[in-house]
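A.B. asks: The chain contents come next:
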Amino acid sequence: MIIFNNVSKRYPSGYEALKQVNFHLKAGEMAFLTGHSGAGKSTLLRLIALIERNTTGQIVVGGQHLGRLPTHRIPYLRRRIGMIFQDHRLLFDRTVYDNVALPLVIGGFRPPEIRRRVRAALDKVGLLNKEKSYPITLSGGEQQRVGIARAVVNKPPILLADEPTGNLDPNLAKDIMNLFVHFNQVGVTVLVATHAVGLIKHIKCRMLVLQHGGLIGDTHLRMMR
Amino acid sequence: MKRPPVPPPTPPRRSPKASQMTYGNAWLTHHLTTLFTSFGQILRTPLPSLMTAMVIGIALALPAGLYLLLENVQHLSNEWNGTAQISLFLKQTVGEEKAQNLADWLLQKKEISGVQIITPTQALEEYRNLSGFGQALTALEDNPLPYVLIVQLATANTDLGERLLEELKRKPEIEVAQFDMLWLKRLFAMIALVRRGVIILASLLTLAVLLVIGNTIRLAIYNRREEIEIHKLFGATDAFIRRPFLYAGGWYGLLGGIIAWLLVHFCFWLLQDPVKQLSLLYYSQFELVTLDLLSSLALLLTGGLLGLIGAWLAVGRHLKEIQPR
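In the order they appear, the protein sequences are chains A and B. 139 is the number that the working numbering gives to position 139 of the first sequence; each next residue is one higher, with no gaps. 1218 is the number that the working numbering gives to position 218 of the second sequence; each next residue is one higher, with no gaps.
Calculated directly from the structure, the hints in this document are not laboratory data. Hints should not be assumed to be uniformly reliable.
Partner residues are not named here, just some residues of chain A that face chain B (Cβ under 7 angstroms, in silico) [unchecked claim]:
no., residue
1, R78
2, R89
3, P103
Computed Cβ-Cβ distance ranges for the label pairs, DEER-style [claimed, not checked]:
no., chain 1, residue 1, chain 2, residue 2, range
4, B, L1204, A, R119, 52 to 58 angstroms
5, A, E113, B, L1262, 20 to 26 angstroms
6, A, R115, B, F1036, 34 to 40 angstroms
7, B, E1226, A, V181, 54 to 60 angstroms
8, B, H1075, A, D93, 49 to 55 angstroms
9, A, D93, B, M1190, 52 to 58 angstroms
10, A, L128, B, E1226, 25 to 31 angstroms
A virtual CB, placed ideally from N, CA and C, is assigned to each residue, including glycine.
Work out the full structure, taking the sequences as your base and the hints as a guide.
C.D. replies: See the structure below:
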């Protein structure tokens, strides 16, 4: 589903954020991307969603070579990727319902379909009773769950999360991680960038370790050997 | 580390056919929603929005009002046009029969609607009555006045009148041919000049409207930067992001057009009474021409269209700068 082949990212300033990264995340697989801050976790996720383009190497997402994807096709790539951010990135002048509905409105869904899917997504994250609230009235954990509902509402095959538990206390963080495991169980390919290694130890899944922009560990491959 | 296999390249998918069933009336619903949401966003900041619309309104009202004023002058001069005439003073040697022949010949021309013959006797009589030289003129032995033909023009076109004048001047029987409505020609020339001025003014003010709307939309774009970034992160196309700003520009232009319409009507309402008094003094039935339905619609449409274009220019320039972080 996601293939990195000798991918490097060098910024115009000369800073090399990623060096020769290789991995293959299969469809329906779940992986954690760990490493100290500044190791290149966010950059790697941004390359997948084409928020930035890689300097060298090849990235293939859902069978699509990103290097060959023209700029005007980027929106359609992003509609197949659900993204979750550390700072939630919700729209504070809109209700929870409208926030979650956003990807569906962008995708041109019919209003009845939007209502059905938003309710289902909010139900999944346990916030059905908050659909008319504004994000500012919600706690950090609730805001993050709104962000997750928004990311999964149009049922994308890929879910990317960048430090989704960064600002949450351990119990809430555990709930959030369990949500990701749940989505993975229904077939979504999940890649979660986090530095909270203690939190994910008990979750049995693949771990990609970045250090100074290089991929230094891939537990999944180790198990295969 | 083992290098993972790379699948063969796939061509980019042309369109999101997978969700084709979701388009159709969803598209229309989305457009209408955006249309009214963007109006709602203008209403949410009533005072700044009103000020923007006022600036646009005044900028539109100026050329519209001047244009209307010109229409009125034109209308007024058309009333006088019917009286455009050429006086032909015939040579002393031309007698009654020749004058009559000339008049008949003139009447056959299609530019001429009527010819009046003033005999020397009539002319002397009239002159005697009007000039106050009555006694002095009786002292004259011969009547020194020639036959005069007053030629009534059938057309308002002064160029055509001028050409006729040149032709008549070459006739051997005619001593002097004189256009009595030279001042009308000057008036038309002046109207043409003012009209050119109005066009220049209108172009400059059009530019001003575009800049005002462009600037307003630019500010709106920067205020909603975060929103635009989030939309892009979830797969919004440029068209999708552009749409609410285009509609907002259209609304601003339309509101400006409405304000311009009100301003013009108000100003002409103020002029109505003095003009009526003035035209009464001239025994004229003249009435001010105001904006009719068609020009009103044209004014509103122009406002809306300028708003749309201004927004388009601003959006095209500034949306590219905003890319998600």
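A.B. asks: All hints, please: hold or fail.
C.D. replies: Here is what the structure says about each hint:
This hint holds: R78/A has a C-beta 4 angstroms from the nearest C-beta of chain B, less than the 7 angstroms allowed. Annotation: R89/A was flagged as interfacial toward chain B, and the flag holds, the nearest CB pair being 6 angstroms apart, inside 7 angstroms. Checking P103/A against chain B by beta carbon gives a least distance of about 4 angstroms; that is within 7 angstroms, so the hint holds. Our hint of 52 to 58 angstroms for L1204/B and R119/A holds, since their Cβ atoms are close to 55 angstroms apart.
A beta carbon spacing of about 44 angstroms between E113/A and L1262/B contradicts the range 20 to 26 angstroms that was offered as a hint. The hinted window of 34 to 40 angstroms between R115/A and F1036/B is violated, with their beta carbons roughly 19 angstroms apart. Taking the beta carbon of each, E1226/B and V181/A are about 30 angstroms apart, not inside 54 to 60 angstroms as hinted. Under the hint 49 to 55 angstroms, the C-beta atoms of H1075/B and D93/A, about 53 angstroms apart, fit the expected range.
Checked against the hint of 52 to 58 angstroms, the C-beta distance between D93/A and M1190/B comes to roughly 56 angstroms, which is consistent with it. One distance hint, 25 to 31 angstroms for the beta-carbon pair L128/A and E1226/B, holds here, with the actual separation near 26 angstroms.
Checked against the numbered hints listed earlier, the structure breaks hints 5, 6, 7; every other hint is satisfied.
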